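J.: Spelled out, the chains give:
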Amino acid sequence: MSVEQEQGERTIRCLVAKVGLDGHDRGAHVIARALRDAGFEVIYSGLHRSPDEVVQAAVQEDVDVVGISILSGAHNTLVPKILDGLQEYDAFDDRLILVGGIVPDDDKAELRDRGVDEIFGPGASMEEMISYIREHAPER
Amino acid sequence: MTDLVDDLLAGKHSALARVITKIENRAPGYREIVSELHQHTGDADVVGVTGSPGAGKSTLVDKVAAEYRDRGLTVGVIAIDPSSPYSGGAVLGDRIRMASNAGDMDVFFRSMSARGSLGGLSTATTDAVTALDAFGKDVIIVETVGAGQNEVDIVRTADTVAVLVPPGSGDDVQMLKAGILEIGDVFVVNKADLDGADRTVQQLREMLQGRSGAGKAGHHGAVATAEQGEAATEGTDDTDETWDPPIVETVANRSEGVEAFISVLEDHSEFLDRTGARERQARDRFAAEIRTLLREDANELVAGELARHGGIESAVDDVMARETDPYTVVDEVLAPLRECLDAENAP
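Note that the protein sequences, when read in sequence, are chains A and B.
Position one of the first sequence corresponds to residue 1 (the UniProt record's numbering), numbered consecutively onward.
Position one of the second sequence corresponds to residue 1 (the UniProt record's numbering), numbered consecutively onward.
FYI, nobody ran anything at the bench for these hints, they're computed from the structure.
Treat the numbers as computed from the prediction; the structure is a model and nothing was measured.
For each residue, glycine too, the CB sits at the ideal point set by N, CA and C.
Any given hint could be a false lead.
As the list claims (entries may be wrong) - Quick look at which bits of chain A chain B covers, simulated, 3 or more residues with Cβ under 8 angstroms:
#1 28-42
#2 48-54
#3 87-96
#4 104-112
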């Protein structure tokens, strides 16, 4: 820990997770790098993770932000499983849950109801996401 | 705060994770937490795994953890990755390799970034090991890139140190330079199916022979740096038995050699118990830890005093103007401390 951040300011930790049968991780890579350059610590899950694995990573790494990237359209099945798992391990309330990918408007409302904090679709900018995280990262 | 400790001791995963976060951030109250946890530690076997980038550390750790799980043991892993000195950010990717233990909560895997700190990281690692130990993990693996003093300090947290050497890393001098021969209790030539593996094993063997002739005190990584020297010498070799570091060949991604590696770790663990070396190592570690903490805290006290005296810049101004000199400045800053201590020690 450097002297400057010794008091007060803490490093925000983010999980960037790819779930399910979706092999497209270009976007996740770009996001992981952008978050790193913004000064965050990024844990990248790798491809084809099951919801259980994402929960395991989110709990053990004690991340502030759980970023779930899904381009397969299976968000309605996979995301709730992750949310339930986080609740099971008492790791839901103090965590920011973000979903990135192509999510139809009807589904967005439902995901939000289930506890997703924000959804970033195509065209969302890095700056938008980074400042959203800075603003909403949970107080601990 | 104590709730967190209770939750951790009760086996709650999120509490363990939060404690490690507090340790990493040196958040208010982390010292009390670590203090409370200390009495619950001492049961875990701590293994350090180090080696150059790409040597296959994460993959080997994954397979080793899976093998321990098959034997019914619980495992904690701390994987340390470098962070950018510019943004302070980091991408911690060791987790990607943990495929064999996916979804198994009894393997607690935690990534830590180096956060560009000197010394602080080894303190944080030690404390994180304390947390995992108190949580009740049977085996704790600390994984770090082996380059430089900082990493060597981290690996010293371990009872047993495994050094991974990829085949074809050839050049003898390179390895000697890194000081890596001295810290290894076990050497692993990973990717042993690649060309050049035999030659690397051969070279390692020759170098290790040189080592055992050279220094007797070096059974565990020449624990004697200048500071720890006294503690180390008083405890050296009341038995004649010394440990000759074995060389194990593995192909981690195919799980080959993993069992052999674990049995060498067990042999070393028995050796430590049989010869009393484990206790000596623990004593050395605690001595070093106490010294480090003393130095850090004393530094902080002194920095506070300096600030009250107008800060370093104004002191430098005065010294530059030849109104005072560095020795006088230090005397002045430390005067209140000295008075306090004198008053304390007066009969």
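J.: Hint by hint, which ones does this structure get wrong, listed from lowest number up?
T.: 4
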